[in-house]
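**Q** As they're listed, the protein sequences go chains H and R. If you read the first sequence in this note's numbering, its first letter stands for residue 1, the second for the next number, and so on. If you read the second sequence in this note's numbering, its first letter stands for residue 401, the second for the next number, and so on.
Every clue listed holds true.
To spell it out: a stretch of chain H is covered by chain R in this simulated footprint if at least three of its residues, at any positions, have a beta carbon under 8 Å from a beta carbon of chain R; those stretches are:
| no. | region |
| --- | --- |
| 1 | 49-57 |
| 2 | 310-324 |
| 3 | 328-334 |
Pairwise CB distance ranges, derived in the manner of DEER restraints:
| no. | chain 1 | residue 1 | chain 2 | residue 2 | range |
| --- | --- | --- | --- | --- | --- |
| 4 | H | P333 | R | A524 | 23 to 29 Å |
| 5 | R | P733 | H | R168 | 48 to 54 Å |
| 6 | R | G753 | H | A154 | 29 to 35 Å |
| 7 | R | R493 | H | R357 | 31 to 37 Å |
| 8 | R | R775 | H | G84 | 17 to 23 Å |
Below, simulated SDA-like cross-link-like pairs (lysine to any residue); rule was C-alpha separation at most 20 Å, straight line:
| no. | chain 1 | residue 1 | chain 2 | residue 2 |
| --- | --- | --- | --- | --- |
| 9 | R | K763 | R | G753 |
| 10 | R | K763 | R | A790 |
| 11 | R | K763 | H | S396 |
| 12 | H | K363 | R | F794 |
| 13 | R | K763 | H | R393 |
| 14 | R | K763 | H | F394 |
| 15 | R | K763 | R | D740 |
| 16 | H | K363 | H | E282 |
| 17 | H | K363 | H | W338 |
| 18 | H | K363 | R | R793 |
In short, the hints are calculated from the structure, not lab data. Just so you know, even glycine gets a beta-carbon here, dropped at the ideal spot from N, CA and C.
There are 2 protein chains.
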Amino acid sequence: MRRAVRERSIEVAGFRFGAAGCGIKPSRRPDCGLIVADVPATAAAVFTRNRFAAAPVILGRERIRGGRLQALFVNSGNANACTGAQGLADARRTCRMVAERLGHVGRPRRPLSTGVIGVPLPMARVERGVAAAADDVSAAGLWRFARAIRTTDAFSKVAVERVRVGGRPVTVAGIAKGAGMIAPDMATLLVVLVTDAALSAAQARWLAREVAGGSFNELSVDGDSSTNDSLYVLASGLAGNPIARRHSELGGLREGAVRVGEALARMVALDGEGATKAVTIEVSGAPSVRAARSVAESVARSLLVKTAFHGADPNWGRIACAVGYSGVDFEPPQVSIWIDDVAVFRRGAGRSGTAARARRRMKRDEFRVRISIGRGPGTARMITSDLSPAYVRFNSAYTT
Amino acid sequence: MRRAVRERSIEVAGFRFGAAGCGIKPSRRPDCGLIVADVPATAAAVFTRNRFAAAPVILGRERIRGGRLQALFVNSGNANACTGAQGLADARRTCRMVAERLGHVGRPRRPLSTGVIGVPLPMARVERGVAAAADDVSAAGLWRFARAIRTTDAFSKVAVERVRVGGRPVTVAGIAKGAGMIAPDMATLLVVLVTDAALSAAQARWLAREVAGGSFNELSVDGDSSTNDSLYVLASGLAGNPIARRHSELGGLREGAVRVGEALARMVALDGEGATKAVTIEVSGAPSVRAARSVAESVARSLLVKTAFHGADPNWGRIACAVGYSGVDFEPPQVSIWIDDVAVFRRGAGRSGTAARARRRMKRDEFRVRISIGRGPGTARMITSDLSPAYVRFNSAYTT
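Make a model of the complete structure from these sequences and hints.
**A** Written as structure tokens, this is what we have:
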């Protein structure tokens with residue numbers, strides 16, 4: 001669904017952002033984004049678990065080990081996935097181009113990539129894009145960068161929080177790309193969090209894991225987890241806070257970063273290709289967190305549930321059915337289901353006379369489905385979308 | 401998709417079939433089916449693993465233990481699932497009605513049920529349906545029975561094979577109901593296999609497992625496994641063959657029954673709500689059968705793959721991506737993918753110039769996707785359908 005977002009100017013000390021269109025996308029829209037750190041930033045990342053990791057993911061895993069990064073180039077319109085040795089060579093060459101253009105030769109930088117799987121990168125165009133994006137960088141360019149990394153996204157995804165670390169004001173800004181092919185264990189997402197906080201490399205890694213685990217791993221738009229999912233954290237250190245001695249001193253930063261992550265995750269769910277609703281599935285009373293998660297995933301991924309969401313059809317039978325085949329053990333008479341505040345199913349049986357009220361909740365852009373399956377301590381949450389005919393039409397004709 | 405099936409008359413010695421419309425379906429179409437065995441038949445069954453097993457499944461599990469069955473009543477239009485104690489009482493009462501009407505009091509019979517989940521059975525109508533179906537039974541009524549158990553099925557599903565057991569000609573006929581909500585571990589299927597072979601109860605159980613494991617567990621239309629899935633085998637013994645001493649003597653019967661099962665499974669895939677294609681996913685070279693099955697399921701369930709099937713889009717990147725997130729370990733350079741005979745992806749890289757030929761294969765009603773992920777011994781097969789806008793439209797407005 002389209003969503004109007006007011007583009008407030010966002011700046012994060014120590015970072016400049018650039019964008020360019022180099023013709024990788026046939027539409028001629030911007031398809032190259034570049035983030036440049038004025039000083040080498042502390043960096044960490046979390047990547048897709050897909051075994052067909054794309055070339056930029058393979059390279060990213062290798063290079064993030066150093067914990068420092070000074071430039072991050074993103075092209076959209078081509079994922080450079082399943083492109084074999086050539087893809088990896090192209091990713092390395094892209095890195096070299098960026099370094100040469102920025103005068104960073106010998107310093108760490110990182111390419112990301114997104115778009116159609118399996119098509120080799122058009123390197124002549126990439127070279128032009130690197131040059132143009134490098135010429136474009138400015139401290140005020142964050143929204144331009146956000147637009148450039150979009151593929152099928154209906155809108156740009158940006159969120160920002162201001163928190164305090166060690167007594168100093170700190171900014172955390174997040175930029176995300178992602179719509180279709182979203183699943184747990186990372187949506188098809190490219191997420192970059194930039195902050196002016198000073199962090200150690202270990203703290204940046206911790207923050208990346210906290211943000212990934214707390215929001216993006218709860219997303220399930222179509223159950224397909226992609227070859228390119230990457231979440232980067234870049235910290236310039238220009239806020240001037242002293243490096244924290246322990247993670248507990250970074251509670252405020254963690255909360256701010258997770259809020260940024262959650263805001264971006266909801267934007268991605270609402271932007272699911274052809275999606276009209278973002279639905280949060282909350283499971284409680286499971287024997288364990290793992291069991292709760294299995295139930296939430298089973299419901300969030302069910303085509304019959306997602307089509308019922310689309311039609312605002314309070315068909316709790318489909319939800320109960322998906323709970324039933326989740327592989328989790330429970331006693332049917334202990335299961336209850338709510339649509340927002342409407343208890344449609346109590347202790348194993350449907351409640352008559354609730355359909356009209358539940359339907360009104362389901363006509364909203366966002367609603368919750370709460371499922372209690374017993375008295376255990378396990379809880380979990382998933383964010384999903386409805387499944388519309390537009391999704392199918394859109395995805396039936398993607399490369400053609 | 402609609403499919404013309406020539407309704408050849410099928411008779412199986414020892415069985416009579418009846419149908420009636422009693423108003424459970426608002427459409428007034430036939431909604432009650434009854435199979436009567438002239439002598440108590442040897443019987444076995446395989447049921448859904450869904451924890452919300454419907455009342456007829458709960459009752460069926462309990463009563464099948466005796467290994468004999470003389471009547472099987474099926475109503476469509478109401479699943480009697482998630483209906484609690486009332487549902488179970490209604491299922492028991494339906495059994496009693498059937499027994500009284502047929503003069504079988506004290507003998508074993510079995511109810512099945514299918515349709516909308518969560519609505520209590522309208523017992524007054526069921527009583528009329530039992531009476532009318534009992535009056536209707538005849539040896540030639542198999543197709544009438546097949547029509548009566550349909551819910552959203554676009555066509556009746558019947559298959560028959562003639563084989564020899566112990567030197568005697570034997571008939572195996574199968575009747576299935578199923579379209580939407582199909583997943584492995586039994587499609588939302590009601591399948592009844594009737595044969596005039598003489599079998600022990602243990603042989604009937606073995607045959608039911610062989611048929612379920614070899615065909616219906618390979619079906620994945622929308623990944624939702626239902627509350628009511630049941631597969632029954634009824635054997636009248638009237639073919640007069642001697643009871644086999646070991647399963648190996650029943651190889652011909654097993655093959656015939658599995659062929660009946662496969663034919664019915666393909667009919668169900670082609671009848672997937674809004675489906676236009678039946679696609680067989682074949683995986684080889686996996687470390688184990690279990691791993692091969694995970695890969696096949698991951699591909700068969702991917703929305704992006706199923707929408708690409710609908711658009712005849714040879715987007716092997718989506719197939720590779722689903723292989724990649726299946727959780728199975730493999731080396732990307734060892735993976736190859738074929739669309740029928742067209743190798744679109746060889747040893748980890750796409751093959752250019754194959755798209756047009758692959759697209760022609762994908763425009764057919766049925767095609768295969770073969771995936772080799774290495775040199776292991778594990779193979780698996782799944783039958784799936786494409787995902788069309790019609791599926792979503794249909795399922796967005798099911799109870800409304």
